[in-house]
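Trainee: Sequence:
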Amino acid sequence: MKRLYLVRHGESEWNILKKIQGQRDTLLTKKGIKQAEEIANRLSNEKIDNIYSSDLKRAFKTAEVIGNKLKLKVNSDKNFREINFGSWEGITKKDLIERHYEKHLLWMKEPHKLKLEDAETLSDLQKRTMEGINRISELNPNKNILVVSHSAAIKTIIIGLLDMDISYFSKMSLDNVSLSIIEFRDYNNVLKLFNDTCHLKY
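Heads up, the sequence shown is in the numbering used here, so the first residue is -5 and it goes up one at a time.
Treat each hint with caution, since some may be false.
[Unchecked claim] What follows is a set of in silico ranges between Cβ atoms, one per label pair, in the way DEER data are often shown: (1) Lys87 x Tyr181: 17 to 23 angstroms; (2) Lys72 x Leu21: 29 to 35 angstroms; (3) Val184 x Asp89: 39 to 45 angstroms; (4) Ile27 x Leu185: 26 to 32 angstroms; (5) Asp19 x Ser161: 28 to 34 angstroms.
[To be verified] Straight line, CA to CA, 20 angstroms or less: simulated SDA-like cross-link-like pairs of lysine to any residue: (6) Lys(-4) x Phe178; (7) Lys25 x Ser145; (8) Lys(-4) x Leu155; (9) Lys12 x Lys72; (10) Lys72 x Ser131.
Derived from the structure by calculation, the hints contain no laboratory data. Ideal Cβ positions, reconstructed from N, Cα and C, are used throughout, including at glycine.
Could you build the full structure based on these sequences and the hints that come with them?
Mentor: Given below as structure tokens:
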């Protein structure tokens, strides 16, 4: 690839409710669809050759709105799903803190050390997302690719492509429909843009 554009999905129903989503298949809100339209307008100025997206509805719908604007088909890819949070999915952040205070604190401070019986670890997630990135990179030589995904998934991709330690995960934050760009150069992968939301009009 020449450039990798990474976009987090628009606002979802559970973003408003402050529930842990993980791989639960929640929908975009009206605001989320509007946000998708705004990032689509922003990306219309870029020379994007192909679009890939998590198959979860909140990401895929965001990608479809962008694809319609760019006149590109969206390729669904399960490798770009959000982290599987297991039994935490569907719980509000408030309830999570009350029920699992110590584990929640570990997730906030040192998430790479958290291991839940029925969930993915950060290492599991990164292995999955990087398998997806490596595959689409081989399929798209010298092209600019857009991946629409989720917060944790995108952060593991950025960390992986920059050869950073996974412990840096907790020091990064991504907003809805934020744009991050990684440029592939001869000697290094370079983070050109991170968590940019200047296209939002509110």
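Trainee: Within 20 angstroms, alpha carbon to alpha carbon, are Lys(-4) and Phe178?
Mentor: Holds, at roughly 5 angstroms.
Trainee: Against the range 29 to 35 angstroms, how does the distance between the Cβ atoms of Lys72 and Leu21 compare: consistent or not?
Mentor: violated (18 angstroms)
Trainee: Holds or violated: Lys12 and Lys72, Cα atoms, limit 20 angstroms.
Mentor: Not satisfied, since the Cα-Cα distance of roughly 24 angstroms exceeds 20 angstroms.
Trainee: Take a quick look at whether Lys(-4) and Leu155 sit within 20 angstroms of each other, Cα to Cα.
Mentor: holds (13 angstroms)
Trainee: Honestly, do Lys87 and Tyr181 meet the 17 to 23 angstroms range at C-beta?
Mentor: violated (41 angstroms)
Trainee: Confirm or reject the claim that Ile27 and Leu185 have a C-beta distance inside 26 to 32 angstroms.
Mentor: holds (28 angstroms)
Trainee: If you draw a straight line from the CA of Lys25 to the CA of Ser145, is it 20 angstroms or shorter?
Mentor: Distance ~18 angstroms between Lys25 and Ser145 Cα, so the pair holds.
Trainee: Are Val184 and Asp89 spaced within 39 to 45 angstroms by their CB atoms?
Mentor: holds (41 angstroms)
Trainee: For the hint 28 to 34 angstroms, verify it against the beta carbon of Asp19 and that of Ser161.
Mentor: Given a distance of about 30 angstroms, which is inside 28 to 34 angstroms, the answer is holds.
Trainee: Taking only the CA atoms, is the gap from Lys72 to Ser131 under or equal to 20 angstroms?
Mentor: holds (16 angstroms)
Hint compliance for this structure: hints 1, 2, 9 are not met, and every other hint is.
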